[in-house]
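Participant: Sequence:
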Amino acid sequence: MRKLYYTSLLIFIWCIQVNAQTIFNSGAAVHSVYTGVDSLLERDLVDVTHHLFHKKNKLSTDTTQKNEQHHKYNLAIVPAVGYTLQTGFAGILSANIGYFNTGSNKISSITTSITYSQYQQTIVPLVLNIWTKNDKYNIVSDNRFIDYPSSIYGLGGRTDPNKGHTIDFVGLKLHESILRSVGKNIYAGVGYYYDQFWNIKAINLGTRRINTIITKELGYDEIASGPVLKFLYDNRENQINPTQGLYANFVLRNSFTFLDGDQNFKSVLIDVRKYLPFPHKYSKNTLALWSYNWLTLSGTPPYLLLPSTGWDDQYNTGRGYIQGRFRGRNMVYLEGEYRYRISRNGLIGGVVFANVENFSGDLSQQYNTLLPGYGLGIRVKLNKHSGTNLCVDYGFGKNGSGGFYVNIGEVF
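Just remember that our numbering sits 238 ahead of the position in the sequence shown, which is counted from 1.
Hints should not be assumed to be uniformly reliable.
Stated by the list, open to error - Under the rule of at most 30 Å between Cα atoms (straight-line distance), these lysine-lysine pairs were calculated in the DSBU-like manner:
no. : residue 1 : residue 2
1   : Lys-344   : Lys-401
2   : Lys-439   : Lys-468
3   : Lys-401   : Lys-374
4   : Lys-374   : Lys-636
5   : Lys-468   : Lys-512
6   : Lys-374   : Lys-411
7   : Lys-344   : Lys-512
8   : Lys-401   : Lys-371
9   : Lys-522   : Lys-512
Read the hints as simulated data drawn from the structure, not as lab findings.
Model, not experiment: these values are computed from the prediction.
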């Protein structure tokens, strides 16, 4: 997964950028991802590396402008090493491509990474968000393979952090969808979601009774399979690092036994994000607001597919708590983050954030257990064209919970 709870910071980072000629219109000028920001004045880790190792061949604005006019694809590759109690030492290789299609005002992106840990854990995502010519269609493909242990603590927001249990499993996620423009920045479409977990087993448990209970609750494999309906409003010009605009995503998911799912269930996801220049409309700093609501409408999803801390599509909710710390039939989540520049050229930035989440058994229960989190972080610009940052945060939660969180790209 992209996010690891680091007890030590990254110890090695290397970024390269490859600009490839566009196959659509090699002679056309390509605008920067940053609306209203002159990318010639921006700097990223590529520029720093170029300056350090090619001092005699400085990257002039003329050269940059020439490349801007004849090149379109921007690739950032970032190897890193980290350490967590959950994974031990881990080697990570991440890659991100950002580009515009002809007539498109929205950036298309392809993101992947490979993580292999000291404990032989493997995490491989491949995520595509493609906008076709003139933004007529939006193709979203979210695929992930995971093989690693995970902690579970039971259901609800009042579980004891000292009574968690570790389970091991292999997981496969295949979420495919296509949406068509039905109005300005408005899209509607369909898709198919398939999730499978297998080889589920409890490890390092003190008693056979606990092992029996967990095995009975989870089984040895879990499958959810079925169609989805999607509605999207998105007027952000840069989906990788938004500085203004509104994103609203509605997903109605169905899983059916006749499509190989373990149980029939229906759930809904309502994901709303707002981005504002702050403190004034010309500011290069951003106030980002996030509402993430994951609700079970009917039936009972498999245990590992119930709403849970850090188990959203990007594994980013609940900074301040370990992944899987809280779980329930319904999840309501709110977060605010202020993103500000430290260096004028955009190379270094910082953030402060706060969030609150709640888990309940059903919609009729009173939401009386609020779980707050807060923290701060640093940003290093990896790719000034796509706006991709290396994000290193430290979050705090209740009862002494806390840890490092590392992402390639913003949390939301």
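Participant: Now, for every hint given, state plainly whether the structure supports it.
Facilitator: Each hint tested on the structure:
1. Lys-344 to Lys-401: 46 Å, violated
2. Lys-439 to Lys-468: Distance of about 34 Å is beyond 30 Å: violated.
3. Lys-401 to Lys-374: 50 Å, violated
4. Lys-374 to Lys-636: 45 Å, violated
5. Lys-468 to Lys-512: Holds, at about 19 Å.
6. Lys-374 to Lys-411: 26 Å, holds
7. Lys-344 to Lys-512: 17 Å, holds
8. Lys-401 to Lys-371: It is violated: about 52 Å lies between the C-alpha atoms, which goes past 30 Å.
9. Lys-522 to Lys-512: 16 Å, holds
When the structure is compared with the earlier hints, violations turn up for hints 1, 2, 3, 4 and 8 and for no others.
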